Amino acid sequence: MSFLPLIISLLAMCAAGYWYGSKKALSSHSFAGQQNAGRPHLYGLYVVIWGVIPPAILLILWGVFSYSSIDVSGGIAGKIDKVVFPSLITVAAILGLTLAVRQISPNLRARKTVEAAVYCVLILASTLSVFTTIGIVLSLLIETIQFFEKVPYQEFFFSLNWSPQMALREDQVGSSGAFGAIPLFTGTLLITLIAMIVAVPLGLMSGIYMTEYASKNFRATVKPILEILAGIPTVVYGFFAALTVGVFFRDVGTFIGLDVVSESALAAGVVMGMMIIPFISSLSDDIIMAVPQSLRDASYGLGATKSETVINVIIPAALPGIVGAILLAVSRAIGETMIVVMAAGFAANLTANPLESVTTVTVQIVGLLVGDQEFDSAKTLAAFALALTLFAITLCLNVIALLVVRKYREKYD
Amino acid sequence: MTDIQNQTNKAGWPTNGANKILAKRHRTERNFRRLGLTAILIAMALLATLLVSIVGKGYSAFIQTTITLDINFEQEILDPKDTRSPETLKAASYGSVIRNALRTEFPEVKSRIELRRLFGLISKGAVQELRNAVLANPKLIGTTRAFELTASDDVDMFIKGYISRDVVEQDRRIKNNEIVWIDRLQNQNAIQTRFNTRFFTGGDSREPEVAGILGAMVGSLYTLFITFIISFPIGVMSAIYLEEFAPKNKLTDVIEVNINNLAAVPSIVFGLLGVALFLNVAHLPRSAPLVGGLTLALMTLPTIIIAARASIRAVPGSIRNAALGLGASKQQAVFHHVLPLSLPGILTGTIIGLSQALGETAPLLMIGMVAFIVDIPGGVTDPATVLPVQIFLWADSPERAFVEKTSGAIMVLLSFLVFMNAAAVLLRKKFEQRW
Numbered sequence: 491m492s493f494l495p496l497i498i499s500l501l502a503m504c505a506a507g508y509w510y511g512s513k514k515a516l517s518s519h520s521f522a523g524q525q526n527a528g529r530p531h532l533y534g535l536y537v538v539i540w541g542v543i544p545p546a547i548l549l550i551l552w553g554v555f556s557y558s559s560i561d562v563s564g565g566i567a568g569k570i571d572k573v574v575f576p577s578l579i580t581v582a583a584i585l586g587l588t589l590a591v592r593q594i595s596p597n598l599r600a601r602k603t604v605e606a607a608v609y610c611v612l613i614l615a616s617t618l619s620v621f622t623t624i625g626i627v628l629s630l631l632i633e634t635i636q637f638f639e640k641v642p643y644q645e646f647f648f649s650l651n652w653s654p655q656m657a658l659r660e661d662q663v664g665s666s667g668a669f670g671a672i673p674l675f676t677g678t679l680l681i682t683l684i685a686m687i688v689a690v691p692l693g694l695m696s697g698i699y700m701t702e703y704a705s706k707n708f709r710a711t712v713k714p715i716l717e718i719l720a721g722i723p724t725v726v727y728g729f730f731a732a733l734t735v736g737v738f739f740r741d742v743g744t745f746i747g748l749d750v751v752s753e754s755a756l757a758a759g760v761v762m763g764m765m766i767i768p769f770i771s772s773l774s775d776d777i778i779m780a781v782p783q784s785l786r787d788a789s790y791g792l793g794a795t796k797s798e799t800v801i802n803v804i805i806p807a808a809l810p811g812i813v814g815a816i817l818l819a820v821s822r823a824i825g826e827t828m829i830v831v832m833a834a835g836f837a838a839n840l841t842a843n844p845l846e847s848v849t850t851v852t853v854q855i856v857g858l859l860v861g862d863q864e865f866d867s868a869k870t871l872a873a874f875a876l877a878l879t880l881f882a883i884t885l886c887l888n889v890i891a892l893l894v895v896r897k898y899r900e901k902y903d
Numbered sequence: 004m005t006d007i008q009n010q011t012n013k014a015g016w017p018t019n020g021a022n023k024i025l026a027k028r029h030r031t032e033r034n035f036r037r038l039g040l041t042a043i044l045i046a047m048a049l050l051a052t053l054l055v056s057i058v059g060k061g062y063s064a065f066i067q068t069t070i071t072l073d074i075n076f077e078q079e080i081l082d083p084k085d086t087r088s089p090e091t092l093k094a095a096s097y098g099s100v101i102r103n104a105l106r107t108e109f110p111e112v113k114s115r116i117e118l119r120r121l122f123g124l125i126s127k128g129a130v131q132e133l134r135n136a137v138l139a140n141p142k143l144i145g146t147t148r149a150f151e152l153t154a155s156d157d158v159d160m161f162i163k164g165y166i167s168r169d170v171v172e173q174d175r176r177i178k179n180n181e182i183v184w185i186d187r188l189q190n191q192n193a194i195q196t197r198f199n200t201r202f203f204t205g206g207d208s209r210e211p212e213v214a215g216i217l218g219a220m221v222g223s224l225y226t227l228f229i230t231f232i233i234s235f236p237i238g239v240m241s242a243i244y245l246e247e248f249a250p251k252n253k254l255t256d257v258i259e260v261n262i263n264n265l266a267a268v269p270s271i272v273f274g275l276l277g278v279a280l281f282l283n284v285a286h287l288p289r290s291a292p293l294v295g296g297l298t299l300a301l302m303t304l305p306t307i308i309i310a311a312r313a314s315i316r317a318v319p320g321s322i323r324n325a326a327l328g329l330g331a332s333k334q335q336a337v338f339h340h341v342l343p344l345s346l347p348g349i350l351t352g353t354i355i356g357l358s359q360a361l362g363e364t365a366p367l368l369m370i371g372m373v374a375f376i377v378d379i380p381g382g383v384t385d386p387a388t389v390l391p392v393q394i395f396l397w398a399d400s401p402e403r404a405f406v407e408k409t410s411g412a413i414m415v416l417l418s419f420l421v422f423m424n425a426a427a428v429l430l431r432k433k434f435e436q437r438w
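Protein sequence lines correspond, in order, to chains S and H. Every position in the first sequence, counted from 1, becomes a number in the numbering used here once 490 is added. Every position in the second sequence, counted from 1, becomes a number in the numbering used here once 3 is added.
Next up, chain S with everything else stripped away, as it sits in the complex (with noise of 0.2 angstroms):
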């Protein structure tokens, strides 16, 4: 029997012994009357339950058989793949269901069990972001010591060569894989620095207005539009910054004399900011709104204008907030992917020049990943490297936010 059918019949025995567990509830004489019985429902679930837990368990079990043991494809571990752990799973259901069916009477709590289960799932389906977190760490963790016995962490951290192509033959010359990662971080960083000229100016100076200036109409139709930048797929940005930014970018350069590449990181850069403006703009927008009033008032009062507020008052008030808001961003740019992968280099350069093409992590991961099967090279174990040191820098960025902005919101509550 395959998993198909062996699951649909199984569901089949639930609902059958859900019809007939509120039927006999319902039908017995004995519940007449009866103060403390459930609805009949009630004992239909009740039979599922146990026609569900005992095969959900065998079916753990026979999968992590089938996946651990060598050769299921014949011999005596096959024959327990293929026969016994379906017929297996068959009986514990069908014993659960009429095990359950039989133990219907008035006196059953068939409540207090149906509840308990279903406050299982609960506290199961909450875990699963915590088993989410530990699956990312484990799953790169693995395969990034699995690196590092290639690759020693030294060259990794501190070289300056980055070209993980290995070498197909012996003679090869110019590609015995170097994996220095600092071009990456540096082009990362210089990305993320031309986005947040971009972006925190803007971002702030719009939430400003919008909290302090705009009428209320005019915030009702800004804000939804401002938001749309935040709506757009981040693949869009990235074919505008190749298309059209970068491109744009070339030709002035042209025009005023400078040499600026289409793959520049000024485009990328700029474009991740416009990305991030909304961002910036409406978290700063929740953070000044939370100020309280009586700062404002006391300011106006004190004969101060309402520029002078928000930078003598509003802002320094605000600052832990506003910090908090623009580190969020600045993880969010770290993490960004297709707009560097669609309009920055792949080849790594050691600049500080905007008008030159840099890569970033996330380009990287991208391309030693994209159409590649083997998982033991360098080259891919790699890509899982670049992806724990971008995972622990943007969760860094975020715990320092959070913490930052908790230590904030305590001053004033």
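Bear in mind the hints are in silico, worked out from the structure with no lab data behind them. It should be emphasised that the depicted structure is a prediction, and the values quoted were computed from it without experimental measurement. Among the hints, a few may not be true.
[What the hints assert, rightly or not] Partial pick of chain S residues on the chain H-facing surface, computed with a CB cut under 7 angstroms:
1) G625
2) T827
3) V860
[To be verified] From the derived model, a few chain S residues whose C-beta atoms are all more than 12 angstroms from chain H:
4) L496
5) Y510
6) S512
7) V574
8) S577
9) T580
10) L589
11) K602
12) F638
13) E639
14) G670
15) I672
16) K713
17) V726
18) F730
19) P844
A virtual CB, placed ideally from N, CA and C, is assigned to each residue, including glycine.
Dock chain H against chain S, hints included.
Just chain H now, kept in the frame of chain S:
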């Protein structure tokens, strides 16, 4: 802010000096205000530039150039044995029928190089069009009919004005003699422009003029479906647990911090998780919507949980107390009363989460949904691609004609997103309850 005492005269009115300072302060105030407005205007101008450049490049993707030729469906070529069996008709050489038609149309073209250019006017996909026509109506064989065939991408670009006549011939994809032919066809009214239905009904192709987005749309649909059936129930259950049942302890704290951090993890990291977990450990098929959907579900989960929690929190405690007071159990109060009341908010959050998932590209690149796939996927385990990845693939293609296809696909993707977000806003407006 300034010491005004020194700058008033005896009667207490401000002097010139004080007025000057006041004027300066008001000027600063006006400038600051203008600065804020400028920031907003710049942001909106950037958005407008983006949209205009996409639409300007992309609207022509919905138009297709066709060339009408008198096609002689020769019995000799298509069905020499007069069997009319579908196998023969499928395998017949429709290419030579088209080539013959072009030869009769332009009898003066003789040299091999010129002939190849002449045949290049018609798309390679035109063979399929003829085959379908003949299969649908075998009676065509033996007749001569005027037939509209899709033009090649270069002709299409030329007709749409993307290839200029003024460029030097070596730098031009359409050579001088081809221009002469095209002009002649145009004079005969044999060149038409039509709405490009194939863009919406075809799969991907190496030939830009026959490439369509249906395959990617279906792939996106399957992927979103998987994402929804995984992330929605789990997200709602997590939210219910955390808001209604979770005791204040370490585990709850860990879960909460975790969800907030997961929401900020770069999407590409989820792609690597997908590679390691679903491909390397679970051995699920590569490039399948199933894997893409699972990966995106993990990514969307925090968004849904956060939205659902906010929505559940907004239901006032009096509802719970009323239910409990009438003898409901805590779970009954939650599932019968709180959950239905918070459902509009939860659904709004879910739609927004799904629209993020629809636009997501990077994690899907990781799990191999970048393959070149011509067929429309028939299930969640078939190899497929999704709309954003299709956009990425086309943006990488060198042909000029793919630029408009890419922009066209972006327009389709954006309209889906607009539709989903509008639905979310509408849902919120219609069902939102203020307590």
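Hints, one by one, checked against the model:
1. G625: Result: holds, 6 angstroms to nearest chain H Cβ.
2. T827: Status holds, d = 4 angstroms.
3. V860: With Cβ-Cβ at 5 angstroms, under 7 angstroms, it holds.
4. L496: 18 angstroms, holds
5. Y510: 24 angstroms, holds
6. S512: With a cut-off of 12 angstroms, S512/S remains clear of chain H, as the shortest Cβ separation is near 17 angstroms.
7. V574: 22 angstroms, holds
8. S577: 24 angstroms, holds
9. T580: Holds, since 24 angstroms exceeds 12 angstroms.
10. L589: 24 angstroms, holds
11. K602: Not fine: 9 angstroms to the nearest Cβ puts K602/S too close to chain H.
12. F638: At roughly 17 angstroms from the nearest Cβ of chain H, F638/S sits farther out than 12 angstroms, so the non-interface label holds.
13. E639: At about 17 angstroms from chain H, E639/S clears the 12 angstroms cut-off, so the statement holds.
14. G670: For G670/S, whose nearest Cβ neighbour in chain H is about 21 angstroms away, the distance exceeds 12 angstroms, so it holds.
15. I672: 20 angstroms, holds
16. K713: 10 angstroms, violated
17. V726: Answer for V726/S: violated, closest chain H Cβ roughly 5 angstroms.
18. F730: 5 angstroms, violated
19. P844: Given that every Cβ of chain H is farther than 12 angstroms from that of P844/S, nearest at about 18 angstroms, it holds.
Checked against the numbered hints given earlier, this structure breaks hints 11, 16, 17 and 18; the rest are met.
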